[in-house]
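**Student:** Sequence:
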Amino acid sequence: MTQSAAPITMPADWRDFFALTKPRVMTLVVFTGLCGLLAAPGSINPVLGFTAILCIALGAGGAATLNQWWEADIDAGMKRTSNRPLPTGRMRREDARDFGILLSAGSVMVMGLAIGWLAAAILALSIVYYAVVYTIWLKPRTPQNIVIGGGAGAFPPLIGWIAVTGDITAMPILLFAIIFVWTPPHFWALALFVQSDYAKVGIPMMPVVRGEKSTRRQIVAYCVVLVPVAVAPWAIGGTGPVYGIAALALTLAFLALSLPVGMRQAVPGDGMRPEKRLFAFSVFYLFALFAALVADRLLIDAGVIA
Numbered sequence: 001m002t003q004s005a006a007p008i009t010m011p012a013d014w015r016d017f018f019a020l021t022k023p024r025v026m027t028l029v030v031f032t033g034l035c036g037l038l039a040a041p042g043s044i045n046p047v048l049g050f051t052a053i054l055c056i057a058l059g060a061g062g063a064a065t066l067n068q069w070w071e072a073d074i075d076a077g078m079k080r081t082s083n084r085p086l087p088t089g090r091m092r093r094e095d096a097r098d099f100g101i102l103l104s105a106g107s108v109m110v111m112g113l114a115i116g117w118l119a120a121a122i123l124a125l126s127i128v129y130y131a132v133v134y135t136i137w138l139k140p141r142t143p144q145n146i147v148i149g150g151g152a153g154a155f156p157p158l159i160g161w162i163a164v165t166g167d168i169t170a171m172p173i174l175l176f177a178i179i180f181v182w183t184p185p186h187f188w189a190l191a192l193f194v195q196s197d198y199a200k201v202g203i204p205m206m207p208v209v210r211g212e213k214s215t216r217r218q219i220v221a222y223c224v225v226l227v228p229v230a231v232a233p234w235a236i237g238g239t240g241p242v243y244g245i246a247a248l249a250l251t252l253a254f255l256a257l258s259l260p261v262g263m264r265q266a267v268p269g270d271g272m273r274p275e276k277r278l279f280a281f282s283v284f285y286l287f288a289l290f291a292a293l294v295a296d297r298l299l300i301d302a303g304v305i306a
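Take the sequence shown: its position 230, counting from 1, is numbered 230 in this note's numbering, and each next residue is one higher.
In short, the hints are calculated from the structure, not lab data.
Given the structure is predicted, the values throughout are model-derived calculations rather than measurements.
The beta carbon of each residue, even a glycine, is placed where N, CA and C say it ideally should be.
Fair warning: there could be bad hints in the mix.
To be verified - List of simulated lysine-lysine pairs, DSSO-like, C-alpha gap at most 27 angstroms:
1) 200 - 22
2) 200 - 276
3) 139 - 79
4) 213 - 22
As the list claims (entries may be wrong) - Pairwise CB distance ranges, derived in the manner of DEER restraints:
5) 237 - 105: 27 to 33 angstroms
6) 45 - 288: 25 to 31 angstroms
7) 227 - 170: 14 to 20 angstroms
8) 213 - 304: 24 to 30 angstroms
All chains, please: the whole structure from these sequences, using the hints.
**Tutor:** Pasting the structure below:
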């Protein structure tokens, strides 16, 4: 961590605290956590279910806040993040740190008391994984940062599943694996068109360190691996055909969109359209895939499909 970012120029308000939680990222975290909870066999009291998802959201927000506290000066040097509360001086760094610790510790404690300590332990692990393992250790040191660090965003459906069942089986592990394998092509597609930002602040993202050619090949490779991983829940009998067919179609579409990215060499001023298209689809992909998972479970429970 480097020295403090810009000096305080105005008092922080609730919008600044909310921005620290990375609400757009949190939307996907909450959604996959909710889908894990709804797709799990069995049932949970609605109040407890809401509490579990709330804890996942607060934990994710706490980890994101600690990430921004640690990287305030890095964020100040990047065009994409320079308008965040800490780089602009709208908030004291200490206030962000304390807010992140409060959200993180509170979410784990409530999860443990209301839902169970296994779910709480996995939630705590996810927070430490993102705020410490990824942010402090991996991100500034290795171009494999997002590959290893991708596990941080893969925990929510696992936690949601555990909240219902109280144990860990093959299905929630596969849900974890799907997000883990999805993360590199999702993030590297973004990194390709913002790599100058990462280069400027010395973050060794794959396009900066290994070059575009290697990054593009690896994007396609991970999309290829994602095909069997995404279909695996159906293959082991954990879901019905609605999920299986949707998973196959969506992942093949993801792979198809990765091919133009993998086979081309961008030139200055070309707009990076294939890369931006792949990044946008990757977000839709995860929403659609997990929505299909829940739809499949609801149809099975209703007796519509076997």
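**Student:** Next, verify each hint and record whether it holds.
**Tutor:** Structure-based check of all given hints:
1. 200 - 22: holds, 22 angstroms
2. 200 - 276: holds, 21 angstroms
3. 139 - 79: holds, 18 angstroms
4. 213 - 22: violated, 30 angstroms
5. 237 - 105: 27 to 33 angstroms: Hint violated: Cβ distance 39 angstroms, outside 27 to 33 angstroms.
6. 45 - 288: 25 to 31 angstroms: holds, 29 angstroms
7. 227 - 170: 14 to 20 angstroms: For residue 170 against residue 227, whose Cβ atoms are near 18 angstroms apart, the range 14 to 20 angstroms holds.
8. 213 - 304: 24 to 30 angstroms: Violated - the Cβ-Cβ distance for residue 213 and residue 304, about 48 angstroms, lies outside 24 to 30 angstroms.
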